[in-house]
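2 protein chains.
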Amino acid sequence: MNLAIVGSVAIDDIKTPSGHREHSVGGSALFAAIASSKFVDCGIVGVVGEDFPEDTVCSLRQQHIDLKGLETGKGKTFRWKGEYCDLNKAETIDTRLNVFADFCPKLPESYKDAKYLFLGNIHPQLQLDVISQSNAEIIACDTMNFWISGTPDLLEEVIKKVQILFINEDEIRMLTDKQNIFDAADEVLKKGPKLIIIKRGEYGSIAYAKDLLYFAPVYPVRNVVDPTGAGDSFAGGFLGYIVKQNKLDNQTIKQAMIYGTVTASINIESFSFDRLISTNKDEINNRVDFLKKIISVE
Amino acid sequence: MNLAIVGSVAIDDIKTPSGHREHSVGGSALFAAIASSKFVDCGIVGVVGEDFPEDTVCSLRQQHIDLKGLETGKGKTFRWKGEYCDLNKAETIDTRLNVFADFCPKLPESYKDAKYLFLGNIHPQLQLDVISQSNAEIIACDTMNFWISGTPDLLEEVIKKVQILFINEDEIRMLTDKQNIFDAADEVLKKGPKLIIIKRGEYGSIAYAKDLLYFAPVYPVRNVVDPTGAGDSFAGGFLGYIVKQNKLDNQTIKQAMIYGTVTASINIESFSFDRLISTNKDEINNRVDFLKKIISVE
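From first to last, the protein sequence lines are chains A and B.
As numbered in our numbering, residues 1 to 298 make up the first sequence, in order.
As numbered in our numbering, residues 1 to 298 make up the second sequence, in order.
Keep in mind that a hint or two might mislead.
The list makes no distinction among identical chains, and a pair is therefore deemed to hold if it is satisfied within one copy or across any two copies.
[Claimed, not checked] Within a straight-line C-alpha distance of at most 30 Å, the following computed DSSO-like cross-link-like pairs (lysine-lysine) qualify:
#	residue 1	residue 2
1	89	74
2	15	106
3	89	68
4	210	281
5	106	247
6	292	247
7	74	281
8	15	190
9	292	15
10	190	293
11	191	293
12	292	244
13	247	115
14	210	115
15	160	247
16	115	89
17	281	76
Because the hints were derived from the structure by calculation, they are not lab data.
From just these sequences and the hints, can you work out the full model?
Put into C-alpha cells, the structure is as follows:
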C-alpha cells in the first residue's frame, strides 16, 4: 500500500438544485480514497462515530481500501449541513464536529512507509501531526479559505513541507494576496511545493510548476447532482494515477490531471459517492479519451 | 477581399486597474478588423465623426484594411466611457451615440460578394440591414446582453440567418434561459447557427457544433492592461484564420480558436489596439505554439 490518505469522514445533509439528501456519507478522506482506489490500493486515516453506517464500511472494504486507520470514536460522526443555490458555492447551514473535535490522527505502522501521503482538507495542525509520523517521499495537501484566514502560520508550516498543493483559484489569491493566479502560483512555489494544482470548478484546473504550465478543461457534465467532494475526488484520481505510475514527471502529471478531472466528473453526478464507487475502468477510460479529444488541436 | 466587417467605431475613455486613457480609439469593427488583418485583407463598414484622428485612419490603411465602407458623419464619433474595477466586468459610466445614432450601414459594392461577413456587436436591426445587402456564404455575428433583453425578436431574426454565433457564457444562459451552457448551446443550434463560440473571459472559450466540442484555454497574460476589445479581437483572429484557410471543418475551427485566443491575448496587453496593431506573425505564431504546448497531454 503506497498511498495513505488523511481527512474528514462525514455524514452530510445536502440540498442542491437537483434534490435533497439526508445522511449523505462524505468527507475528504472518503472521496479521495474511493477515487484513488480505482487505480491503486490505499489506506484511510480518519474518525467516525458510532452512528456510521456499517454497509458503507463494507463498501469501502470491497474497494480494497485499507481501514486500519479508521477509528470509531464515542459519539456521532462529524456532520455538515449545506445547500448549493448555485452549483459553484456551498452555503454552510450547520456544522457539528462531534467525534472529529478530539481527533488525533494516528498513522498505523503499515501506513508510515507509504511513499505517497495525501492530507485532505483538515486543520493544519492535524496535517502537521500526520507529516511528523510519516516517511512519505511525496506529500500532497489540500486546504481551504477557513484555514488560510484562521490559522495562516500553521498552514504556512504545512505548505513548506509538501511537494504538491491542491488549492482553489480564489484561495490561492487569498493565500498570496495576488489577483493574477500565475503570480500567485509563483509566490507559492517559493514557499516549498514543487507542484501546484489550481482548481477552477466548472472551468477546469491548472498544473503549475517551475517548468510546467498545463490547462485541463472540465469534463462537460450535463447533470450535476451534487458538487460535494469534487475537489477530493479530483485529488484522489490525480494521485491514484500518479501512484500507479510511480512517477512525477510532467507527462505523467498531465495525464493525472485528466484522470482527476474524470473521477471528479463522475462523482458529481450523484449524491454521496454513489456514482464514484460503482464506476469502473471502462467508464473512466472512455471519459479520458473523450476529454483528450476535445482538447486536441490536431 | 473576402471578409467584410461591420461594427462600431468608438473613441473611449477607459479606466482599468493599470491606468486611465482618454481618447482611446476602439469599437468592435476596429478590433476585429485589425486582428483579422494579421491573416487576410478585410474591409470595414462603420461610421466615424469629424473628430476621428487622421493618424488612426493611416494606421488602418497600413494594415491593408479597406476603408471604403467607413463613412464620416457630421458631428462627433461614438463615445464610451467605462471603468473596469475587476478585469472581467466593465461598468459603463457614459455612452454618447453621436454620429452612430443615425448610422445606416451600407456595404460598398466591392464588399457585397465577400464570402465571409462579420457582424460586430451593434443593434440587431443594423445587423439585419447588412445581411440583406450581402451575398456572403458564411455570416458570423456577435451580440450582447443589451440586445438579448432589449430587442429579442430582432436578435432572433439575426441568429436565424447566421452560421457562426459568438456569445459570452452569461449571455447564452440569458438568451436561452438555461443554466447549463451545453444545454444552452443545444438550444441555440436549433435556431440556425451551425457553430457557436462561447467566450468565457479568463477561462478561455468553447467551440460547439453538432459534431464538435472543443475547449480552448486562455493565453496566460500576466499584465492585462485593458480588456476592451478582447471579444472582438478574438473574433477577428478566429475569422482571419478561417478566411485565410477558406475552410470551416472541425480541424480548422480548432486551430482558429487558438489563433483567436492569441490575438485577444495580445490586444489586452495595452490600451486601444496599440499592441495588436504592431504585433507580427512571429509573435502570434510563438504564442500559438506555446498554447498548443500547454494543452497537449502527450
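Comparing the hints with the structure gives:
1. With identical chains, the CA atoms of residue 89 and residue 74 are never at most 30 Å apart, being 32 Å at best within one copy and 52 Å at best between copies.
2. In the homo-oligomer, the alpha carbons of residue 15 and residue 106 never lie at most 30 Å apart, since the shortest distance is 33 Å inside one protomer and 55 Å across protomers.
3. Proximity of residue 89 and residue 68 under a CA criterion of 30 Å is satisfied in neither setting, with 34 Å inside one chain copy and 51 Å between copies.
4. In the homo-oligomer, the alpha carbons of residue 210 and residue 281 lie at most 30 Å apart only across protomers (28 Å), although the nearest pairing inside one protomer, at 32 Å, exceeds that limit.
5. In this assembly of identical chains, residue 106 and residue 247 lie within 30 Å of each other by CA distance solely inside one copy; the values are 27 Å within and 62 Å between copies.
6. Taking CA atoms no more than 30 Å apart as the test, residue 292 paired with residue 247 passes in both settings, with 21 Å inside one copy and 24 Å between copies.
7. In the homo-oligomer, the alpha carbons of residue 74 and residue 281 never lie at most 30 Å apart, since the shortest distance is 38 Å inside one protomer and 69 Å across protomers.
8. Proximity of residue 15 and residue 190 under a CA criterion of 30 Å is satisfied in neither setting, with 40 Å inside one chain copy and 33 Å between copies.
9. Taking the shortest Cα distances, residue 292 and residue 15 never come within 30 Å of each other, neither inside one copy (33 Å) nor across copies (40 Å).
10. Proximity of residue 190 to residue 293 under the C-alpha cut-off of 30 Å is restricted to the inter-copy arrangement: shortest distance 24 Å between copies versus 35 Å within a copy.
11. Proximity of residue 191 and residue 293 under a CA criterion of 30 Å is satisfied inter-copy only: 27 Å between copies versus 36 Å inside one chain copy.
12. Both within a single protomer and between protomers do residue 292 and residue 244 lie at most 30 Å apart by alpha-carbon distance, with minima of 20 Å and 27 Å respectively.
13. Taking CA atoms no more than 30 Å apart as the test, residue 247 paired with residue 115 passes inside one copy only; the shortest distance there is 11 Å, against 52 Å between copies.
14. Taking CA atoms no more than 30 Å apart as the test, residue 210 paired with residue 115 passes inside one copy only; the shortest distance there is 23 Å, against 46 Å between copies.
15. Proximity of residue 160 and residue 247 under a CA criterion of 30 Å is satisfied intra-copy only: 21 Å inside one chain copy versus 52 Å between copies.
16. In this assembly of identical chains, residue 115 and residue 89 lie within 30 Å of each other by CA distance neither inside one copy nor across copies; the values are 34 Å within and 46 Å between.
17. With identical chains, the CA atoms of residue 281 and residue 76 are never at most 30 Å apart, being 35 Å at best within one copy and 65 Å at best between copies.
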